[in-house]
Amino acid sequence: MIVTLDSRPARGIRGTGSLFPFVFIVFFLIVPACRKAGDTSATLTVAGSTSVQPFAEKLAETYMATHPGLAINVQGGGSTAGVRAAETGAAQIGMSSRHLKDSEKALRQVTIALDGIAIIVNAANPVKGLTRAQVAAIFAGEVPRWSAVGGADRPIHFVSREEGSGTRGAFEEMVMGKKDIAPRALVQDSNGAVREIVASDPDALGYISLGLVDRRVRAVAIDGVLATHETIVAKQYAVVRPFLFLSRAEPAGSAKAFIDFVLGPDGQRLLGLEGLIPAVQP
Amino acid sequence: MNTKRRGERAVELSLTLIAVSSVAILFIITFFIFKEGLPFILEVGPGKMLFALDWAPTKGKFGLLPMIVGSLLATGGALLIGVPLGLSCAIFLVEFSKPRVRRVLKPAIELLAGIPSVVYGFLGVVFLVPLIRTHLGGPGLSLLAGALILGVMILPTVISISIDALEAVPRSYREGSLALGATTAQTVTHVVIPAARSGIVTAVILGMGRAIGETMAVIMVTGNALDLPGSPLAPIRTLTSNIALELGYAAGNHQKALFATGVILFVMIMILNLAATATSRRRAR
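From first to last, the protein sequence lines are chains A and B. Start counting the first sequence at 1; every next residue gets the next number (this note's numbering). Start counting the second sequence at 1; every next residue gets the next number (this note's numbering).
Isolated chain A, as found in the complex (with noise of 0.2 Å):
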């Protein structure tokens, strides 16, 4: 198969299989040099939301540099995958970008941060204000141009997320409700690439997190509110996902000094920097 794919077989095979060797003399240099980064006396698994992910790297960096006797490994895997995680111990800190659920209230949570999900369109689209259920019903499928909700008679070409990722499954939960997403919605594979297709085409609707809304697009006003630091500290605005840190049982070690560095200034800060409203406020 991968043979064909080439335009020239013959020297297809025999260009891979001359790199083989050089790339296992790589690989059998570059494993035990990771091995050796690794082995450190205390290691702390952070594991959940893909969505908090890179901000726990993030964290996780500046908190590492600062504390060099700990390895601190954080994984992906969903919002779910770290309530399990957490449930079961196999991670000392889980992460969510959802609330709980009232089954798995028995465990621990700390609100890191705050992400608020802005509706966006093009700038040059006078659209200033929806409810969410027109935002639902467009993304359903069920109004098809912009004439409906205030707009010019133009079609609306909504823009969605991939199937499992954090920022749709925050979207479905507070926007959608029961109505599903119709096959017809554009879907693009971040929040960046969602931005560009609303920012180049004057009669997109698309769904990001606030912190990478720029001046190409603009957020709409969801149920008379703009979303805003103010407005989702106020809980105001309504399409706002908590960053959930959780745990089995009260931290303690390496866990709570971890936790009690992400709530600090220092932490804080970085998570504001990011484009996340922090949960603390100075």
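Just so you know, the hints here were simulated from the structure itself, not pulled from any lab data. What you are looking at is a predicted structure, and each value in this text was computed from that prediction instead of being measured. Some hints here could point you the wrong way.
What the hints assert, rightly or not - Over 12 Å on every C-beta distance to chain B, these chain A residues come out as not near it, computed from the model:
#, residue
1, Thr66
2, Gly89
3, Ser103
4, Arg132
5, Val149
6, Ile181
7, Gly211
8, Pro251
9, Gln281
To be verified - One side of the interface only, derived from the structure: several residues of chain B facing chain A at Cβ under 7 Å:
#, residue
10, Pro57
11, Thr58
12, Pro139
13, Gly223
14, Asn224
15, Ala225
16, Leu226
17, Asp227
18, Pro235
19, Leu245
20, Glu246
21, Tyr249
22, Ala250
23, Ala251
Here a beta-carbon is modelled for each residue, glycine too, at the ideal position from N, C-alpha and C.
Since the structure of chain A is provided, determine the placement of chain B on it from the hints.
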């Protein structure tokens, strides 16, 4: 003498090993994809994957039909654009152009093959997609955009292999045809192309392989919607895009479903390849 032979044998053995290792890797990949994907296909039921329209793996729906249709349409569209263009280009270069022109153009075309697919995708998003959106309508991210980009991407493959095929036709064939009073154009259509047919079919098969396997550029320009396209301006999702888009977050059954997507893609490519080789053989007889 003896030591020389022994040295030669060592070289031969190590080269054989290297050759075998690359084939072995191919088999390991195949085995792994089937091991991960096949049990899941059997568990869900092949009919419920191949002929169902709903894909919502986190809600237990694994219909792959829109992606299968998307892959076939994008590949078919790419061939529709790339093969006539590529073949005419090859005929021009071999039969009609001056050697000096060919010496410049052929390497330039082969250089096209070296452009990374993400660059094609980026050009597609920045130039082609807005062009389609403003002049033809729809969101721009569409089957048409995918087919156009893929059509251009398979050009170097189609052209360079067609050139090889046309050049392999013996000179005496052309001379015989011209001596009988045929024009160059008649010679090309009635003598050279039929004689080079098997090579041209190979060019089409390899182009098809490139088009159906392409992922990055396709993700960027086709919109990845899960609907059956109603027109060339509607967005589509291909099997390859489905895997690449959702791999990052997939766990459990979702991940298995993506491996199953890989199995189906694998089988589809096999069937297309076999069908193409079989038809070319039958015609040659």
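Query raised in the report: Would Ser103 (chain A) pass as off the interface with chain B, using Cβ distances and a cut of 12 Å?
Result: With a cut-off of 12 Å, Ser103 (chain A) remains clear of chain B, as the shortest Cβ separation is near 18 Å.
Report task. Decide, holds or violated, for the assertion that all CB atoms of chain B are farther than 12 Å from the CB of Gly89 (chain A). Result -> holds (19 Å)
**Report entry** Hinted contact Ala251 (chain B) with chain A - closest CB pair below 7 Å
**Finding:** Holds. Min distance 6 Å.
Query - 12 Å cut-off, C-beta based - Pro251 (chain A) kept clear of every residue in chain B - result: Label holds. Min Cβ-Cβ 25 Å, cutoff 12 Å.
Query raised in the report: With a cut-off of 7 Å, does the beta carbon of Ala225 (chain B) approach a beta carbon of chain A closely enough for the hint to hold?
Result: Hint holds; Ala225 (chain B) Cβ to chain A Cβ min 6 Å, cut 7 Å.
Query - Interface hint for Glu246 (chain B), Cβ within 7 Å of any Cβ on chain A - result: Holds - the Cβ of Glu246 (chain B) comes within 7 Å of chain A, reaching about 5 Å at its closest.
Query - Ala250 (chain B) as an interface hint toward chain A, with CB separation required under 7 Å - result: Constraint on Ala250 (chain B) satisfied, holds at 6 Å.
**Report entry** Hint validity - Leu245 (chain B) Cβ closer than 7 Å to any chain A Cβ
**Finding:** holds (4 Å)
**Report entry** Hint validity - Gly223 (chain B) Cβ closer than 7 Å to any chain A Cβ
**Finding:** At about 4 Å, which falls below the 7 Å cut-off, the nearest Cβ of chain A leaves the hint on Gly223 (chain B) intact, so it holds.
Query raised in the report: Is the shortest C-beta separation between Leu226 (chain B) and chain A less than 7 Å?
Result: Result: holds, 4 Å to nearest chain A Cβ.
Requested in this report: Hey, is Gln281 (chain A) genuinely clear of chain B, shortest beta carbon separation above 12 Å?
Outcome: Answer for Gln281 (chain A): holds, closest chain B Cβ roughly 31 Å.
Query - When the least beta-carbon distance from Pro139 (chain B) to chain A is tested against 7 Å, hint result - result: holds (4 Å)
Comparing the model with each numbered hint stated earlier shows that hint 6 is the single one that does not hold.
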